[in-house]
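Let's have the full structure, built from the sequences with the hints guiding it.
Number of protein chains: 2
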Amino acid sequence: MYKNFSFNILQQSKNLKTNERLGKIVTPHGEIQTPAFIFCGTKASVKGISPYQLKETNTQIILSNTYHLFSYPGSAYIKARGGLHKFSGWNGPMFTDSGGFQIFSLGHGSVADEIKGRRSGISTLAKIDEEGATFKSYWDGSVQLLTPEKSIEVQHELGADLIVSFDECTPYHIDKKYTEKSMERSHRWEKRSLNEFIKRNNGTQALYGIVQGGIYPDFRKRSAEFVSSHPFFATAIGGTLGSTKEQMYEVVEMAMNGLDIRRPIHLLGIGGISDIFRGVKLGIDTFDCVHPTRIARHGGALVKAAYRDHNLREHINLKKAEYRNDDNPIEIDCDCPTCAIFSRAYLHYLLKAKELLALQAIAIHNIRFMNKLMEEIRRGIADGNLTEVESKWC
Amino acid sequence: MYKNFSFNILQQSKNLKTNERLGKIVTPHGEIQTPAFIFCGTKASVKGISPYQLKETNTQIILSNTYHLFSYPGSAYIKARGGLHKFSGWNGPMFTDSGGFQIFSLGHGSVADEIKGRRSGISTLAKIDEEGATFKSYWDGSVQLLTPEKSIEVQHELGADLIVSFDECTPYHIDKKYTEKSMERSHRWEKRSLNEFIKRNNGTQALYGIVQGGIYPDFRKRSAEFVSSHPFFATAIGGTLGSTKEQMYEVVEMAMNGLDIRRPIHLLGIGGISDIFRGVKLGIDTFDCVHPTRIARHGGALVKAAYRDHNLREHINLKKAEYRNDDNPIEIDCDCPTCAIFSRAYLHYLLKAKELLALQAIAIHNIRFMNKLMEEIRRGIADGNLTEVESKWC
Numbered sequence: 001m002y003k004n005f006s007f008n009i010l011q012q013s014k015n016l017k018t019n020e021r022l023g024k025i026v027t028p029h030g031e032i033q034t035p036a037f038i039f040c041g042t043k044a045s046v047k048g049i050s051p052y053q054l055k056e057t058n059t060q061i062i063l064s065n066t067y068h069l070f071s072y073p074g075s076a077y078i079k080a081r082g083g084l085h086k087f088s089g090w091n092g093p094m095f096t097d098s099g100g101f102q103i104f105s106l107g108h109g110s111v112a113d114e115i116k117g118r119r120s121g122i123s124t125l126a127k128i129d130e131e132g133a134t135f136k137s138y139w140d141g142s143v144q145l146l147t148p149e150k151s152i153e154v155q156h157e158l159g160a161d162l163i164v165s166f167d168e169c170t171p172y173h174i175d176k177k178y179t180e181k182s183m184e185r186s187h188r189w190e191k192r193s194l195n196e197f198i199k200r201n202n203g204t205q206a207l208y209g210i211v212q213g214g215i216y217p218d219f220r221k222r223s224a225e226f227v228s229s230h231p232f233f234a235t236a237i238g239g240t241l242g243s244t245k246e247q248m249y250e251v252v253e254m255a256m257n258g259l260d261i262r263r264p265i266h267l268l269g270i271g272g273i274s275d276i277f278r279g280v281k282l283g284i285d286t287f288d289c290v291h292p293t294r295i296a297r298h299g300g301a302l303v304k305a306a307y308r309d310h311n312l313r314e315h316i317n318l319k320k321a322e323y324r325n326d327d328n329p330i331e332i333d334c335d336c337p338t339c340a341i342f343s344r345a346y347l348h349y350l351l352k353a354k355e356l357l358a359l360q361a362i363a364i365h366n367i368r369f370m371n372k373l374m375e376e377i378r379r380g381i382a383d384g385n386l387t388e389v390e391s392k393w394c
Numbered sequence: 001m002y003k004n005f006s007f008n009i010l011q012q013s014k015n016l017k018t019n020e021r022l023g024k025i026v027t028p029h030g031e032i033q034t035p036a037f038i039f040c041g042t043k044a045s046v047k048g049i050s051p052y053q054l055k056e057t058n059t060q061i062i063l064s065n066t067y068h069l070f071s072y073p074g075s076a077y078i079k080a081r082g083g084l085h086k087f088s089g090w091n092g093p094m095f096t097d098s099g100g101f102q103i104f105s106l107g108h109g110s111v112a113d114e115i116k117g118r119r120s121g122i123s124t125l126a127k128i129d130e131e132g133a134t135f136k137s138y139w140d141g142s143v144q145l146l147t148p149e150k151s152i153e154v155q156h157e158l159g160a161d162l163i164v165s166f167d168e169c170t171p172y173h174i175d176k177k178y179t180e181k182s183m184e185r186s187h188r189w190e191k192r193s194l195n196e197f198i199k200r201n202n203g204t205q206a207l208y209g210i211v212q213g214g215i216y217p218d219f220r221k222r223s224a225e226f227v228s229s230h231p232f233f234a235t236a237i238g239g240t241l242g243s244t245k246e247q248m249y250e251v252v253e254m255a256m257n258g259l260d261i262r263r264p265i266h267l268l269g270i271g272g273i274s275d276i277f278r279g280v281k282l283g284i285d286t287f288d289c290v291h292p293t294r295i296a297r298h299g300g301a302l303v304k305a306a307y308r309d310h311n312l313r314e315h316i317n318l319k320k321a322e323y324r325n326d327d328n329p330i331e332i333d334c335d336c337p338t339c340a341i342f343s344r345a346y347l348h349y350l351l352k353a354k355e356l357l358a359l360q361a362i363a364i365h366n367i368r369f370m371n372k373l374m375e376e377i378r379r380g381i382a383d384g385n386l387t388e389v390e391s392k393w394c
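So the sequence lines, in the order shown, correspond to chains Z and W. Residues in the first sequence are numbered consecutively from 1, following the working numbering. Residues in the second sequence are numbered consecutively from 1, following the working numbering.
It is possible that some hints are incorrect.
Chain copies aren't distinguished; within one or between two, either way the pair holds.
To be verified - In silico lysine to aspartate or glutamate, EDC-like type, Cα no more than 20 Å apart, as pairs:
#, residue 1, residue 2
1, Lys281, Asp383
2, Lys319, Asp140
3, Lys176, Glu253
4, Lys3, Asp260
5, Lys372, Asp140
6, Lys354, Asp140
7, Lys127, Asp383
8, Lys372, Asp335
9, Lys14, Asp218
10, Lys86, Asp327
11, Lys14, Asp383
12, Lys352, Asp140
13, Lys304, Asp218
14, Lys86, Asp333
15, Lys392, Glu375
Derived from the structure by calculation, the hints contain no laboratory data.
The following block contains the structure:
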C-alpha cells in the first residue's frame, strides 16, 4: 500500500531509560532524517519565506493546513494547478493535516488555547455528528461539511506526501465521558478515512492514524492500539496533552504505550525546545508547530540557553529597548544568513520602523535554529550524548 | 579630493544622433557599471528584500533617504553602529540623497505628485529661508532645521559612498520668478554643501551637485554651468521635469546642455522603462526610483512588451482575476528566482490570501527585471543596437 514510502530506524537509543531514535522517512519527494521538525506553511506558503530560503536553511519538510486551503482557494483549484508541490514551488516532502483541528478548536471556543496555541482564522463550528463536522467557513461564511471521506478527498487533491486521518480534536476541559464518546467516533472516522484513502491510493501519499483519548491513560492506550492495529503508514499523537508541561509528557508517554513503534510517530503542534527534547526521548520522530515562524513576526528570535535574557523564555524579544545598541547578531555562533550580516540593533530598528525585512530576517533565523537543533539532536543520538546537546539548547 | 573614486567612460555612442555611453563608477565599496539603476532602500532597507537577494539579482547599488534616517533613528545612531553599510548588511556601493526632496515635496503639498510620485511619510514644511528648511518630523512631530551643512553632516555620519548637495526641489506649478530665486539659493546651498564636504572629507565619499532651473532652458543651462564649474564628483538632475513625458525629455536635454559630461550624470526619481531608454540616449548614467519595488507591494510585476496586457502599462497587476488560472511565470524568459518556481496563479493567490511571500516574490522579479534591463542596455550600447534592445523592452 505504501510502496513508494518507507521508514527505517537507523539507530535506537543507547540509553536504557530513554527511547530516542534516529530514523529516515522516504517519500516520493525526498527523505526526511528524523527526529525532524515540520514547519507550518498554513496557506501553501511559509509566511514571508520562499522555498529557496527554506532549502538554504536545510528545511526537510513543510506542512499546509487542509482547513485553510479547503476554505480558499479550494483543493480542486490546487489540483488543477498541479497540486501543492507544483503550486507552491516547494519540491520537498509535504504534510497536510486533516482539517479537523481548526474546526474543532474554533468550535470549542477560547479553549483552543488550551490545546496548542492561538486561533487562526475565525470560523464557527455548527454541528458534529456521526457524519462529520459542519462549520461556517472563515473565508466567505459559507456552510461546509467536512467528513472523513471529504478530508481524504481534499488531501488527495492537495497532493502532500504525508496526509492525516480525520478525527475530532478535544480540548482539555472536556469531561471523561465526552472524551470516550469522541474518541470512539474518531476511531470510526479514522477507519472511514483509511477506506477512502485505499480507494484513492495511487502510490503518491501515505496516511497517518491519530491517537486520541485526552488525558486518560486507559483511553490513550486503547486509541494507540486501535491505530496500531490498522494499516496506517505512521501515527500522530493528537488531542489535548493536558494543562501543564509535566502532564504533557505523561500524556505523550501514555500514548506511546501500545503504539507500533516500527512506524514514524508525529507529535502534533509541539515546538518548544525543551518539549522537543522530552518528546525525542519518549521516541517521537517528528514535530510541527507554528511557534518558530509566528514569534518571528512579533520580533521573537529563538536562542540557545547561553543567549537568553533572565533564562526564562526560549526566545528574546528584539523589540525590547535593550537591543537598541546591541551590535551582536542574534546568536554569535549561529550559521544562518541573518546572523551572518544583521545585528540585533538593526533588527530592533527594522521592527520599530515597521520594515518588512525584519519579519523575513528573524523567521529565517528561527527556521535555521530549529533545523540546526534537530541536526544536533540527531548527532547527539548517534554519538550517545543527547543530554549534553540538551544542556546547550535548553 | 576624490582619490578613492573614479568615473571612466568606456564607450561613447556610435550613433551621432544619441549620446548613450558605457561607463564605470569606482567607489570604495565596489564598481558600478553604467547605465545603472539605483534601488530605493528608503529606511536603510529595500522593503522586504535582504542584501543577499539584492546580490543574487545582480544589484549594483542602493540608496537610502537622508530625510527618513535623519528623522529616525538619526545619523549619529547609525554612525555609532558603524555606518549604513555595516548597519544594513549591504556592502556594495550606496547613495544617499540630501533630504531636501521629501521636505520640499511635502511642504509644497499635493503637488509633490507632480514631481515624481506619491508622498512618503507625513511631514510639514514650516519655513524656507537662506539658512535652510525648518520642518516638523514625520516621525515624532519635533521641529527640525535642515541646512546644507547639516545635510552633509548627516550624510557623512550615514556614510554612503555617493552623497548629494542640499538644494530646494521645486514643483511644476511654481512660477518663473520663484524658480529663479530658488535656483540661485540652491546654488548658494550647493556651495555651502561643497565647503562642508571638503571640511569633512576623509576619502570615503564623493559629492554630487544638482542641476535645478525648472522647465526654463536658460535656467537649466545656467544651473548646469554652475554645477560643472564647481568640483563636484558627479551631477544629478533634479527639480521638476515638467508636466508631460515629452516635456520631461526636453527638460533633461536642457539640463544636459552645459554639463561637464566627463562626470557621471544621475537623473533623480525616474524609473519607467521607456523613460530610462530616453534618458540613456540623452547621456544619463544612473537612475533611481521607488517604482519597481513599490508597485510590487501592490501586485504589480514589470514585464517586457510581449507580456503586457493591452500594451499600455509597463507592468501587469497580478491581483486581476485574469491571472487566477495562469500557470505561466510572470515572464517565461525571465531568469529571476521568482519566475523559476512561481506561477502567476500562485502569486495571484498569495495576494488574494494576503500572504507576505507575494511581496517578496514580486519585488525580486522587479529588481531582477530592472537589473537585466540595464544589463541589456549596456550590451546594446556596446553592440551598437540599443534600438533593437528598446523594441524588446518597450
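Status of the hints after comparison with the structure:
no. : hint              : in the structure
1   : Lys281 <-> Asp383 : within (14 Å within a copy, 66 Å between copies)
2   : Lys319 <-> Asp140 : between (35 Å within a copy, 18 Å between copies)
3   : Lys176 <-> Glu253 : within (19 Å within a copy, 84 Å between copies)
4   : Lys3 <-> Asp260   : within (19 Å within a copy, 74 Å between copies)
5   : Lys372 <-> Asp140 : neither (40 Å within a copy, 41 Å between copies)
6   : Lys354 <-> Asp140 : between (30 Å within a copy, 15 Å between copies)
7   : Lys127 <-> Asp383 : neither (51 Å within a copy, 71 Å between copies)
8   : Lys372 <-> Asp335 : within (9 Å within a copy, 31 Å between copies)
9   : Lys14 <-> Asp218  : neither (29 Å within a copy, 87 Å between copies)
10  : Lys86 <-> Asp327  : between (41 Å within a copy, 10 Å between copies)
11  : Lys14 <-> Asp383  : within (9 Å within a copy, 69 Å between copies)
12  : Lys352 <-> Asp140 : between (34 Å within a copy, 13 Å between copies)
13  : Lys304 <-> Asp218 : neither (37 Å within a copy, 66 Å between copies)
14  : Lys86 <-> Asp333  : between (35 Å within a copy, 19 Å between copies)
15  : Lys392 <-> Glu375 : within (13 Å within a copy, 49 Å between copies)
Of the hints listed earlier, those the structure fails to meet are numbers 5, 7, 9, 13, in rising order.
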